[in-house]
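Peer 1: Could you slot chain B onto chain A? The hints should help.
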Amino acid sequence: EVHLQESGPGLVKPSQSLSLTCSVTGFSITSNYWGWIRKFPGNEMEWMGSISYSGSTSYNPSLKSRVSFTRDTSKNQFFLQLNSVTTEDTATYYCVRFWSYWGQGVMVTVSS
Amino acid sequence: DVVMTQTPPSLSVAIGQSVSISCKSSQSLVASDKNTYLNWLLQSPGRSPKRLIYQVSKLDSGVPDRFSGSGSEKDFTLKISRVEAEDLGVYYCLQGTHLPWTFGGGTKLELK
Numbered sequence: 001e002v003h004l005q006e007s008g009p010g011l012v013k014p015s016q017s018l019s020l021t022c023s024v025t026g027f028s029i030t031s032n033y034w035g036w037i038r039k040f041p042g043n044e045m046e047w048m049g050s051i052s053y054s055g056s057t058s059y060n061p062s063l064k065s066r067v068s069f070t071r072d073t074s075k076n077q078f079f080l081q082l083n084s085v086t087t088e089d090t091a092t093y094y095c096v097r098f099w100s101y102w103g104q105g106v107m108v109t110v111s112s
Numbered sequence: 113d114v115v116m117t118q119t120p121p122s123l124s125v126a127i128g129q130s131v132s133i134s135c136k137s138s139q140s141l142v143a144s145d146k147n148t149y150l151n152w153l154l155q156s157p158g159r160s161p162k163r164l165i166y167q168v169s170k171l172d173s174g175v176p177d178r179f180s181g182s183g184s185e186k187d188f189t190l191k192i193s194r195v196e197a198e199d200l201g202v203y204y205c206l207q208g209t210h211l212p213w214t215f216g217g218g219t220k221l222e223l224k
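The listed protein sequences correspond, in order, to chains A and B. Per the numbering used here, the first sequence starts with residue 1, numbered consecutively. Per the numbering used here, the second sequence starts with residue 113, numbered consecutively.
Chain A extracted, bound-state conformation:
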């Protein structure tokens, strides 16, 4: 059974960096495509980007140069870093194995 679990702080101050970890069990991140989706207050969903089985990345241009994905294959984890956050980055963040498996989501609030 494939299981994804997000972890990270639920509160981040404006201008700081948001860092989240996705821990995967039941499937190797060296196969398939993985990534991050976020859901804003209300219903809007946004694809943030992907990291492939080889570690190559693709990002949503809306995030410009603020976002980066990395991974640790020895721990079967991948990571999100979003820099210079504002209140508009307040959302629930999901890690995903596109598109069949989702983590439970972590709510992140950006507030001073």
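None of these hints come from the bench; they were simulated from the model. Bear in mind the structure is a predicted one, so any value in this text is a computation, not a measurement. No residue lacks a Cβ here, since even glycine has one placed at the ideal position from N, Cα and C. Just so you know, not all the hints are guaranteed correct.
[Unchecked claim] Derived Cβ-Cβ restraints for the label pairs, each shown as a range:
{"#": "1", "chain 1": "A", "residue 1": "112", "chain 2": "B", "residue 2": "211", "range": "32 to 38 Å"}
{"#": "2", "chain 1": "A", "residue 1": "100", "chain 2": "B", "residue 2": "119", "range": "39 to 45 Å"}
{"#": "3", "chain 1": "A", "residue 1": "111", "chain 2": "B", "residue 2": "182", "range": "40 to 46 Å"}
{"#": "4", "chain 1": "B", "residue 1": "167", "chain 2": "A", "residue 2": "3", "range": "37 to 43 Å"}
{"#": "5", "chain 1": "B", "residue 1": "122", "chain 2": "A", "residue 2": "33", "range": "30 to 36 Å"}
{"#": "6", "chain 1": "A", "residue 1": "75", "chain 2": "B", "residue 2": "175", "range": "47 to 53 Å"}
{"#": "7", "chain 1": "B", "residue 1": "194", "chain 2": "A", "residue 2": "25", "range": "32 to 38 Å"}
[As the list claims (entries may be wrong)] Covered stretches of chain B, going by a simulated chain A footprint (3 or more residues, C-beta under 8 Å):
{"#": "8", "stretch": "158-165"}
{"#": "9", "stretch": "197-210"}
[To be verified] Covered by chain B, according to a simulated footprint, are these stretches of chain A (three or more residues, beta-carbon under 8 Å):
{"#": "10", "stretch": "10-21"}
{"#": "11", "stretch": "40-47"}
{"#": "12", "stretch": "65-77"}
Peer 2: Showing chain B alone in chain A's frame:
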């Protein structure tokens, strides 16, 4: 970016009723490999999103056949025949043909 326009934003239904949700894209979703990467997701209350349908009309494993998807090019429809209580939640269309992948605004299905 491809804009996905989903209607209606909400639906109030009785159990056993049939409903349809429309999703229109600003560009054709036919990819260079001739496939059309249009998905439908459901986010049930308190749960992570779950994909129901991929490539317009293919049901994911375990999805009841009362769900069906149709359409082509820029115009797509999700139909639910004989709505059951477990079908309530927010439905999203999602295009995976053009980067960045983009979502419709969601349709909230509620009980009448």
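Peer 1: With reference to the structure, classify each hint as holding or not holding.
Peer 2: Outcome of the hint check:
no.	hint	in the structure
1	A:112 with B:211: 32 to 38 Å	holds, 34 Å
2	A:100 with B:119: 39 to 45 Å	violated, 27 Å
3	A:111 with B:182: 40 to 46 Å	holds, 44 Å
4	B:167 with A:3: 37 to 43 Å	violated, 26 Å
5	B:122 with A:33: 30 to 36 Å	holds, 32 Å
6	A:75 with B:175: 47 to 53 Å	violated, 33 Å
7	B:194 with A:25: 32 to 38 Å	holds, 36 Å
8	158-165	holds (count 4)
9	197-210	holds (count 4)
10	10-21	violated (count 0)
11	40-47	holds (count 5)
12	65-77	violated (count 0)
When held up to the earlier numbered hints, the structure conflicts with 2, 4, 6, 10, 12 and fits the remainder.
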